[in-house]
Structure formats: structure tokens, C-alpha cells
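Trainee: Based on the sequences and whatever the hints tell you, model everything.
There are 4 protein chains.
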Amino acid sequence: MELGMIGLGRMGGNMAQRLVLGGHRVVGYARNPDTLREIEKKDIVPAATLEALVNELKSPRTIWLMVPAGAPVDETITALWPLLIPGDIIIEGGNSNYKDTQRRAQMLATSKIHLVDAGTSGGVWGLQNGYSIMVGGDEQVIEGLRPIFETLAPAPDKGWGRVGPSGAGHFTKMIHNGIEYGMMQAYGEGFAILRHKQEFNLDLHQIAEIWRDGSVVQSWLLDLTAAALAENPGLEGIAPYVADSGEGRWTVAEAIDLDVAAPVITLALLQRLQSRDSDSFSNKLLSALRNQFGGHAMKKE
Amino acid sequence: MELGMIGLGRMGGNMAQRLVLGGHRVVGYARNPDTLREIEKKDIVPAATLEALVNELKSPRTIWLMVPAGAPVDETITALWPLLIPGDIIIEGGNSNYKDTQRRAQMLATSKIHLVDAGTSGGVWGLQNGYSIMVGGDEQVIEGLRPIFETLAPAPDKGWGRVGPSGAGHFTKMIHNGIEYGMMQAYGEGFAILRHKQEFNLDLHQIAEIWRDGSVVQSWLLDLTAAALAENPGLEGIAPYVADSGEGRWTVAEAIDLDVAAPVITLALLQRLQSRDSDSFSNKLLSALRNQFGGHAMKKE
Amino acid sequence: MELGMIGLGRMGGNMAQRLVLGGHRVVGYARNPDTLREIEKKDIVPAATLEALVNELKSPRTIWLMVPAGAPVDETITALWPLLIPGDIIIEGGNSNYKDTQRRAQMLATSKIHLVDAGTSGGVWGLQNGYSIMVGGDEQVIEGLRPIFETLAPAPDKGWGRVGPSGAGHFTKMIHNGIEYGMMQAYGEGFAILRHKQEFNLDLHQIAEIWRDGSVVQSWLLDLTAAALAENPGLEGIAPYVADSGEGRWTVAEAIDLDVAAPVITLALLQRLQSRDSDSFSNKLLSALRNQFGGHAMKKE
Amino acid sequence: MELGMIGLGRMGGNMAQRLVLGGHRVVGYARNPDTLREIEKKDIVPAATLEALVNELKSPRTIWLMVPAGAPVDETITALWPLLIPGDIIIEGGNSNYKDTQRRAQMLATSKIHLVDAGTSGGVWGLQNGYSIMVGGDEQVIEGLRPIFETLAPAPDKGWGRVGPSGAGHFTKMIHNGIEYGMMQAYGEGFAILRHKQEFNLDLHQIAEIWRDGSVVQSWLLDLTAAALAENPGLEGIAPYVADSGEGRWTVAEAIDLDVAAPVITLALLQRLQSRDSDSFSNKLLSALRNQFGGHAMKKE
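As given, the protein sequences belong to chains F, C, P and R, one line each in that order. Numbering-wise (UniProt numbering), the first sequence opens with residue 1 and increments by one. Numbering-wise (UniProt numbering), the second sequence opens with residue 1 and increments by one. Numbering-wise (UniProt numbering), the third sequence opens with residue 1 and increments by one. Numbering-wise (UniProt numbering), the fourth sequence opens with residue 1 and increments by one.
Simulated from the structure, these hints should not be mistaken for laboratory data. Misleading hints may appear alongside valid ones.
[To be verified] Using 27 Å as the maximum straight-line C-alpha spacing, the simulated DSS-like pairs for lysine-lysine come out as follows:
1. 300/F - 300/C
2. 58/R - 41/R
3. 58/F - 42/F
4. 300/R - 300/P
5. 99/P - 112/P
6. 99/C - 58/C
7. 158/F - 300/F
8. 112/P - 41/P
9. 99/C - 99/R
10. 99/F - 99/P
11. 42/C - 58/C
12. 112/F - 99/F
[Stated by the list, open to error] Quick partial rundown of chain C residues pointing at chain R, CB under 10 Å, derived from the structure:
13. 103
14. 127
15. 257
16. 266
17. 277
Every residue, glycine too, gets a C-beta built ideally from N, C-alpha and C.
Mentor: Here is the structure:
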């Protein structure tokens, strides 16, 4: 098939390359001439403008968006919209909020342009291992895109599927990331306890390796944990500061909206917030309160 | 009545004074000559040795221990034991683990010495307002101590009571402190959210004052919160570091032993642990993991 | 002063009565003829229609809304709006989301009608004890309403205040309720642990009473806990089912929006969700998983 | 090598069989004649008494204990001890508390009998896939047992290792199980949210399958989740009741002892406690309290 790719960063760039290696014709859009030259070397057809990208594709066109969630997605769709014709397809592969996706799909449907949401997991390893893709949107449209998903996935019949109507792909990806938060935090806590058990002087990398084979906690995240600990066993120089990209927040909000208690995913998110607040007002007030009622000394800043 | 007091720190000293003001004869033990001179001014009979203290009291003696939980209690009891005779009473007022209390009571009972556990709340305000006292031990023995408890309590018939056999007093005090952890954390979090809502530029002290009258969250801890915020509205110079004295940990362990889920008390404890760990290994590992799978930059220390 | 009251339920009815007892003229709106007859007996001027209520008041009018948050507030404001003139004041005393309040205030401002948000705490006890009121809105407008707030509060200079611009009152009340969730859960957990410690056969009502005087955990909620346990020591016949009215959810969402970790308030909310989910899919999956990897028997429904 | 196996249940039976298939001579102890006949068919040498088992093995003997943690381990060791001679080795493969292991190792060392702790993960799949084994004890002794561990592990050089001195194996296994709790709960919550999102009518089994390949949350536990959902997509008939075997509790206690906040592992444990408490006293008290202050109706049991 042929496909346009907008957003050639870490994720989009690798996906474009995997599609080319899989025999597809990929037109890539980039404003930066350096990027254009570079993708050309990887057999991606360069397009310096959205118009050029659209003109390089035969209708009905398929254009994959891999840009940051939020405003960039809206801006790109707004710019693309007048260039497309009925029957054209936009695949939105970023970490968008599924409610935005539902809104955008309805909007584009007024021009008979299809929006397909493709929640994509796999990170920087996807180029080599394939991506796990949760697809939402019109059944027939998605069926027509099958060659693309079969190439991007780890195997044609594995790791991808249409999970429901517009928004369902991004919804499922959101929950996926919520689970990811919980799992990561579980490993983080477990290794922290091992680390603090100085009595045993444990080799954390060795333990991660032992667990990788045969244990109940074996997983891809554990493989990566082992790799991280191999590179830097004491995690020296890394700040205890954990960013979050939004999907954890949405998962927590969604769970509460649905009256589902999700304490572990929720706490995993709060832990990240806390990792970035070294000046907790709450903790200060507790210190002040202990001084008020018990005369306990407060530690000074 | 007459009573010996061992441990004349912030708590014990104030309690001795309240008892003197209530008309009791109090003999106080201290090794430090300065302390002895000071308590004498407050009409507490000074005793420079445990022997002196015991000799100053007529049998059956009542001796109140107000020393730090753990080894100091065991050491003091071990030193006192040979000086006492059957019928003498030790009241243990500290924050001891109730299992230690049960063990000590059984041990002393072999010499017909009574151990009464008196879980005591009220902090530095107790001298003025009276103490809340949860008493465990033999019913008749405690009945004989009524004049002491009636003086220490806010009112003769209020704020104290025998709650059960040996250990029950310290057990109840332990749970009291667990609840205290949860309440403090609830206030801490609430005021932290108010503080971070910069859009409204809220006056936290004013809000605490408003809540003190008529609201559902009015409490003595809120009174103290208002006082702390009046003194230092931005809690400047106070480190976000919260100590814990052990009872929260025991409450959490006890809840789990009893198969009772106590997430709020538990999280309040974990929050304190976290306030003292500015170098979280868990957070570092999460940062490293995000780099492994997503290529996300790690913040450097 | 004179004031119209819309919403004469448990909260509004009591507030109207407290205002009348304080010497204010109160016009009450109710559709139900029985309600009208009843409020008349309490010296509240009855109005069977909104038009009647508005006509009974001299401009600039003050109308207090005490209706359920959400659609009922919007509907009432929409119905009132055309009946009011510039300078009239609506006080919104319900548990509205502060963002709705900000939106409504802006909307009404286009007709120079003032919206004052008055977050009100005190429950069914407010009639007798007075209410704690957190007020948001224009400073001068609120100054003019001083006689009303001074009557509703526990004392003229206590338990109420303007905390900021439009929305700040409801925001502060929201956080108040978040703290309330945390405190209630802390008590709930503590008493549950006491209850399960069968070895000591503790009298929970007695313990609540002891704590009411002199202890660190004394509070109004504890007074109510003591009352509840006096009425029904084993809480027999009460389902372990806890409703939530929305403000806890908003507090959790707000905390996350502000990057503030509020684990205790958050868990207190999740606990309520869980109290209503006796058929947890998550727990079922865990049971199934334990069977998958360990061959552990699953309990059947 | 040759080895005695005490405890031929789900775990021990499979391990004995894997060892036989790997060319080792295994003597199995069972009191039940049926069990003895059955193991004989699997080429395990049957021993009807501990004496018989010991006599079947040449010194220095290696005896693997695979009995339930706690009293059964102590009882078995007590019975074995007088039958063994200096240099004999007991491998303890159960889920024992590492502190018990340290105590037992010291005790047996007085007779120069070695105790090796072998924390073993893998469940009912270990026979086929091999076990992940975390070994604690004397380095040289463990080196001598290499052929056994190499056979039990998924591959000779994978999935097993000596992690430290006596107790370190069981300690590491304990943390492993803590992580397992957190991961299971993360999946449980995620799938529960998916399940409650009725708008999308998601196929949970399909989603689990999609995630198994290429996603960040792929793991062995996810493979089992997919299998469980394939068998019973709605988890019909399974009670929402989750047992716990003790290691989660110990992990939580250990984390607190080490001042490490492990909120996710901790909450995962509390969730299990809660799954078994359908009559929460805490929830009842909250319902009663809401009635006390707000007049809210209580749901009746």
C-alpha cells in the first residue's frame, strides 16, 4: 500500500521505516530539510509541505498522524482537512484522549473523511519487534488498512486488532498505559526494597536476570529493568523524577467516572506527581502540626 | 493520693505538675541536679535515685513511667522491680507496643506487682486542658487509681476510662494515633491543594479559621493548623520532612494481621516514610525504564 | 435584611429558619402547597411561583439558591434570570462545581446580576449551631450581605468569610469535603480495627467518648461517631454502602490537575466506590489468575 | 545427582518429575500408599517413612523440602534432624519467611547440617517451562547443588542463581511475590475499567491477545490473563474473593521496616483483604456518620 506519515520523530520515524521495509510506499512530511534528506536515505518519499504530501498520494489516501497529543493533532487535522477529499483516511496513532478522537471523527465525518484511531505501543523497540496496535473506527475502512497494520505488528495475525468504534482504540491504549504505570511502580517498589536490604547486599541486576526466566513476574518491562540495571547497577546520576504523559491521569479520571476503584493505577500516578514535588506543602504542614501538639522539633529547610 | 513519676520530659513533667495542682503528692525522679531543682520549685518532691523515689512512697506504691517506648521502659522496669513489693503498681503511660505491655504485665504479675497501661493523648496542651487516657489492666487496681486519672483528665468523668485488660489501653492509644495520622494527612493534602490553586490566591489561615466554627471538619487538629498557619502562613523554612514515632507502623501491621483494610491510615504512614526519602530508588528506576522503552530523557541528579 | 430562599429542603429550610430567628425577612419559594403552609408557620413568607418570590422582594434583591448541584442550579438560574434586574444578587449555596460557578457568574454578569458562591457546611446541625460559610465573589457585594452571613454563621465574626473571587467559595468548600472524606475514612478504619480486635472485647462507644475530651483526635466528626455508636453500638442493619455526592471526585481531579499528590483523600474516595461494588471484576480476575499460575482453587459465586 | 523430595503436592511433585526427566535419581517421601504407587510410575523412588528416605540416599545427602510454610517446615526439620549427619543438606523450597530461614539455618549449623533456601517461582507451569529459583546459603554448598538447579531452571544458565547468604533466597522470593501482587492488581484494575466501559462493548480476551505481542505490558501474567479470559470471558461464577499466602504481608512489613514507601504493593495487599470483607465495619460507620451530619438515608442491610 501507500501511506503518508506526518510526524517523523522517535515513534513515527521508526514506523515509517518498518513500513518501507515491509514493502509499502511511504511519503513522509517534514519541515526540516535535514530530516527530509535523512528520510530519503531510508527510502521514504520526502514531502516538504502538507500539499506536497497529499499530492504524492493517490486517492483514497491514507495518512498516518504521529504527532504529540492535544493541540498539535488538532492543528494538523485542521491544516490537512481542506486538502483531502471524501473517502480519504486519517489514522491517528498518537496518545490522544479518546474523547478528542470521538469529537474529531464526528467532525471529519461531515466531509466523509474517515478518522481511524490506532493506539500504538512498543516504544523505541517497535521498529525491530513490531508494534502492538489497538484500532478504533469503521470496520470496513480498517479492513482496507489491513496490510499496514499487518506490517507494523509483530506478526500479521498478532498484536493488532480493531477493538471497537471511533475512540475505542485510544481508550484501550489509555488503559494499557494505566496498567503500565501500575506494573512499573510495582517493579520500582520491589527493587527499592531489595536495594535497601543492605544486610544481604543483593545484586539487583542478577535478580532481574533470574526472574526473566520461569518466574511469575517475567515480562518485557522486567527485561528492560534488567537492561537498565546492567548499564547502571546503582542508577547513579539519575534523578528520582518521573514524568507522565497524560494517559495515566485520564485512566484515573475514567475509572472514577465509571465508579471503578483502581487504587494501584491511581497510586502509581500519584507517586509520579510526588516524585516531582520536592517541597511538599502537605509534609511541611504535618511537621508544623507535630510541633504544635507534641512540641516535636521541626527539621529546618 | 501520692505517686512517683519517672520521666520528667515534656509529657511526664507536665503530668506531674497537673497532679500537684490537683492536690496530689508527686515524687519525681531525675538524674540531672538541674531538673531536680526545677521540679522542686513546682512542688514535686525530688528523688535523685530510684531507691530514693521508692522510699519516699508508702506501700502500696503507685509509680507512673513516662519514658520513651522500647528499651527505656524495659530498663526502668528491670531496675524498679527489685525495689518493689507485692501490691505495688506501675502505670506505664508511654507509647508502648501493647504486646510488650502484655509481656511485661505477665512478668511483673509473677511478683504480684501490677502493671497498668495508660495510653495518654493530649501533647503539650495536656497540662492546661487535661489528657485523654485509655487505661488497660485489672479493674479493681484501676478503680483505686481513680483520683489520679480524674485529675489528669479534662474533667473527672470525661476523657478517661478503663477499656480492657492489660494491653488494651496501649492498643487503643495505638489506634488513636493511627487515626491521627490519617486526619493529619487529610488536612495536609487539603491545604496543599488550596495552596497550589494560585488562581484564587487563597489565605490558608483565614480558611482554617472559617472551618473552625460550624464546619464538618472542625477539630482540635484544625485549631492547631490554624495556629500554625497564623504563625507562619507559608510554612517558610520548615522542611517537608515528617517523623513517625512507631505507633502508625504498629497500627498498619495490626490492621493487616486482623485482615482489616485500612488504606488511609496506611497511606498516611507511607507518606511519612516518603517525606524522608529524597533519593527514591523506585523513582530512579521508573525514570530509567521510561528511557529504556520510550527513549524519554532522564533528568540528571 | 430581606432575602428570598429557593430550595427549602433539609439545608435550605433550616437556613431560612435560622435567618428568620435572626430577624431577617425571608420569602420562601415552594411548589408544594403543604410546604408553603408549613414554612408560613415558621414566619417565612410563602411564594408559590418564582415571579411571586421576586415580586415580594425589593430591588436590589438577594435570592439564596439551595438546590441540588448540576442541572437544577442551571434550570433555576435560567428561570430567574429574566425576572431580575441589574444589581440583583443570587447567592448559590449548594455544592456546585466551582467551574460551573465561574461560568454562571460570567453569564449573569452580562446582565449586571451578581452571583455569590457560598460553600456551606454544617449539615442538619446548622440550624442550631450555625453554618460555616466560604464565600466567593465581588468584595463589595459580599460586604453588603454581611448581616445574612453573620446570622447564618455560629457567631457574627466566626465561621464565615470571603475567600476570593467567584468560584473561590465553592472551590474551598470542595476541598473541605475532600478533607472530610479523609477524616471520615480515618475514623472508619480505626474503629474497624478496634472492632476486629476481639481479644480485648472493646466498647467502641466508650472509646469514642474517651477520645472526645483531651485527645488529639477530638473533633465534631468524632462527636457524631460517638452519637452513632451510642444509638447502635454494632451498627447492626446498616449496609456497608457509602454514597458520594461529587465533591470528593472533583477534589481528586483538581489535585491531579494541580500536580498535588493527595493519596489519602483519593483513597477515601476509592473506598466509597468500592463499598458499592460487591461484584468486583478486578477481584474475579485475580482469583482466576491465581488459578491459572498456581492451580489455586477459585471460590465460586 | 540424587535427591530426596519431601512434599509431593502440586509444586513438589512436578519438581521431582522434572528432576527425574533430567536424569537425576529422586527419592520421594509420602505417607499415602496411593501417592507412593503413583510416584513410582514416574520413576521416583518411593519412601514411606523419613527413615526410609534418608536410608535410600548416600551421604552427604540432599533433601528438598516442599511443604507449606510455617509449622510444617519446622515439624519436618525437627523430624529429619536426628536422621541426618554432618555435611547433609536440606534445601527449603517453600514460601518461608526469611527470618524463619535464618533461624533454622543457624540451628542446623550447630549439627553442621546445611540449610539452603530456594525461593521457587513458576507455579504449575514449572514442570514444562522450568522454575525461576532464588538461592540463599553457603556458596560452596550451592555450587555442589548446581546440577539440580540447572535441571529445574528453564535452562542451565538461566532463571536461577545464588543471591546471597541464608535467607536471601527466601527474601528475594518474598519481594518477587510482592511485585506479583502489584502487577496482578494493575491488570485487574485495567481490565475492570475496560469491562465497565459499556459504550465500547470491548472484547477483553481480544485486547489481552493484542497486548501479548509488541506492547509494553506484555508479560507471562498477561498470557495467563488471556488464557483465563478465553476460557471464561465474563469470569462468570467466580467469586470476587482473593486469597493471599502471606508473602505479600511480609513484603509490606519489610518495606515499612526499611522505611521504603511501597504504596502499590501495599494497596494490592489491602485490596485482597478487602475482597474478603463483605461486611466492612468501616463502611457502615461512614454510612452512619453521613446520616448523623447530613441526614442522608442509610442503605439497610
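Trainee: Against the structure, test the hints numbered earlier, and report the numbers of the ones violated in rising order.
Mentor: The structure breaks hints 6, 7, 8, 13 and 14; every other hint is satisfied.
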